[in-house]
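Novice: If you want the building blocks of each chain, they are given just below.
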Amino acid sequence: MPQIAQMSETFASQLFWLLLVFGILFFVIGKGMVPKVMDTVGLRDKQIADDLAAAQAARDAADAEEEAWRARENANRASAQALVGEAKAKAQASTEARLAEVQAGIDARMAQAEARIATARDAAAGEIEAVAADAAKDIVSRFAGVNVDQNAALGAVKKAMAHG
Amino acid sequence: MAADTAKVDPMHQFAIEPLFGSDWTIAGYNIAFTNSALWMLIAGICLWIFMIGGMKRAVVPGRWQMAVETMTGFIDDLLEANMGKEGRKYVPYVFTLFMFILFANLLGLIPLPLAMAGLHAFTFTSHFTVTGVLAIMTFAIVLTVGFWKHGLHFFSLFVPHGTPTLMIPLIFVIELISFLFRPFSLGLRLFVAMMSGHVLLEVLSSFVIDAANAGPAYGVLIGGPSFILMIAICALELLVAGIQAYVFALLTSLYINDAEHLH
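So the protein sequences, as listed, match chains A and B.
Numbers 4 to 167, taken from this note's numbering, label the letters of the first sequence in order.
Numbers 276 to 538, taken from this note's numbering, label the letters of the second sequence in order.
Some clues are possibly wrong.
27 Å max Cα-Cα, derived DSS-like pairs, lysine-lysine [unchecked claim]: (1) A:Lys49 to A:Lys39; (2) B:Lys424 to A:Lys34; (3) B:Lys360 to B:Lys424; (4) A:Lys91 to B:Lys364; (5) A:Lys49 to B:Lys364; (6) A:Lys34 to B:Lys364; (7) B:Lys331 to A:Lys49; (8) A:Lys161 to A:Lys140.
To be clear, the hints were calculated from the coordinates, so they are not data collected in a lab.
Remember, predicted model here, so these are calculated numbers, not experimental data.
Put together the whole structure using the sequences plus the hints.
Specialist: Structure, rendered in structure tokens:
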């Protein structure tokens with residue numbers, strides 16, 4: 004087994020070259036290159052984390068913007084609806100007022116017409132009475148030969164008409 | 276001729292051979308540049324080339340950069356899961372350790388075409404002189420961090436919560452011994468796993484060669500299944516290479532966590 008057989012003669016050489024090579028590797032690679040590689044990795048991780056955070060922030064901002072827009076939109080809609088309701092109420096009120104006005108005109112004309120009808124009827128009734136009184140006086144003078152004066156005849160006609 | 280020299284020594288692949296500088300010394304110790312040192316260097320250079328792909332630092336990574344970032348992220352997650360936020364500062368050490376062992380294990384498995392050119396891959400993690408040093412480094416960090424942060428209070432690591440007063444001395448000794456065994460288990464686990472796999476591959480390949488040399492019938496009957504098994508075990512060894520590197524890194528992080536947080 005050369006490991007044991009050659010131990011005493013090669014140990015110093017093994018130790019020397021191992022320490023030399025390992026020492027150089029430790030300082031050049033371990034101390035020099037490894038930290039740089041790990042820095043690169045750390046930098047990259049940090050950049051990715053930053054980018055993710057920025058994306059998250061942008062998304063949050065967008066969400067907030069959307070929320071604000073929604074609130075504004077709702078307010079606008081509510082105010083528009085209020086405006087529409089107001090206009091509707093105003094239109095209804097004016098319609099009602101016009102209707103009332105027209106109704107009042109119609110009522111007045113109707114009342115006038117009724118009054119005219121009533122006077123016409125009264126006039127007609129008066130004429131009928133006068134005609135009836137003349138006829139009654141004529142009938143009485145012809146049958147009984149009695150001359151009834153105009154007023155008595157009129158009174159009798161009125162009495163008969165009241166009895167219907 | 277091949278039949279005569281087909282004596283395959285499965286242990287020969289672990290032999291360390293000086294390539295040059297066999298007379299270099301520091302304080303009387305020989306520090307020749309060996310094949311083991313060469314493969315440490317190759318593993319280091321491969322790791323460095325791999326890491327360069329992660330240096331583009333693009334915000335949208337390419338495949339290579341993604342691979343590098345996956346590896347650092349893997350070790351970062353491992354330490355974060357075992358140690359929490361304090362794990363961050365051990366990433367350089369554990370990452371270097373993990374990747375160095377991983378590359379060493381994987382490079383050691385390269386069979387062809389390097390072997391055809393006479394350049395045999397050498398798995399230096401199959402030497403306990405190497406794995407032991409790595410384990411001792413981890414253990415030294417554990418001790419340093421432990422005593423630095425907690426001072427002598429670090430010894431309370433050896434007395435779990437709720438231990439009856441009567442049992443404290445016994446538990447303390449047991450826990451201390453198990454703690455002191457950690458570097459051995461850490462180093463030996465990697466060494467044994469790597470060595471056994473390579474020995475197994477070598478033995479199976481020697482079956483293929485010997486059977487083929489013994490005759491066509493043997494070659495088909497013994498060599499064929501051996502070859503198929505060898506391919507399967509190669510796949511298993513790739514898995515083991517990753518798992519052992521992971522286990523080393525995982526245990527390192529657990530031990531450092533003990534030192535960092537006591538219990």
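Novice: Next step is simple, just say for each hint if it's right about the structure.
Specialist: Hint by hint, here is what the structure shows:
1. A:Lys49 to A:Lys39: holds, 15 Å
2. B:Lys424 to A:Lys34: Roughly 22 Å between the alpha carbons, so the hint for Lys424 (chain B) and Lys34 (chain A) holds.
3. B:Lys360 to B:Lys424: At roughly 16 Å apart (the allowed maximum being 27 Å), Lys424 (chain B) and Lys360 (chain B) satisfy the hint.
4. A:Lys91 to B:Lys364: violated, 80 Å
5. A:Lys49 to B:Lys364: holds, 20 Å
6. A:Lys34 to B:Lys364: Holds, at about 10 Å.
7. B:Lys331 to A:Lys49: holds, 18 Å
8. A:Lys161 to A:Lys140: Judged against 27 Å, a Cα distance of about 13 Å means the pair holds.
Hint compliance for this structure: hint 4 is the single one not met.
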